[in-house]
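> Sequence:
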Amino acid sequence: MDRIVEIDSPSIIVTYENRIRELENRKAELNEKIRKCGTVLPDFDETFRTAFSFLSNPHKIWCSDRLENKRTVLKLAFADKLSYCRNEGFRTAPYALPFALLEDFGQGNYNWWVWLDSNQRPRDYESQIPHIYAYLQELI
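Okay, so the sequence shown: first residue is 21 according to my numbering, each after it adds one.
Heads up, some of the hints might be wrong.
What the hints assert, rightly or not - EDC-like mimics (lysine to aspartate or glutamate), calculated; alpha carbons at most 20 Å apart, straight line: (1) Lys101 to Glu88; (2) Lys95 to Glu123; (3) Lys80 to Glu66.
Hints listed in this document are in silico derivations from the structure and should not be mistaken for laboratory results. Please read all numbers here as calculations on a predicted model, not as lab measurements.
Please construct the entire structure, taking both the sequences and the accompanying hints into account.
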């Protein structure tokens, strides 16, 4: 240990500092894994069923007497907070992405579905991502 403290070479000092930084990052990563150890992930089928039951009928959850459920529906159904106008009351906020896409699909616009089928993707589909993002932003 005394030899390490007495080193004057800048390159060796930088190497040691980098290694110490890597070990600290690894330690933080392992501590995070230890913290999560033993927690059971929710069942995929149950999670999938819950999500699609909400998408199929958010009104069912809205009719619940619990205020938390109503707040959850508002957070999941709308992209922004509901705005309120003093003269006109609440204004309709833009839909969250799943509802916007479902509405678009219901109106017969299937253009965005093409991106889900990998066989139909153009070879340079990565260059199209900004256009897809802009299109989805228009829906919201």
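> Of all the hints given earlier, name the ones this structure violates by number, lowest first.
Checked against the structure, no hint fails, so every one of them is satisfied.
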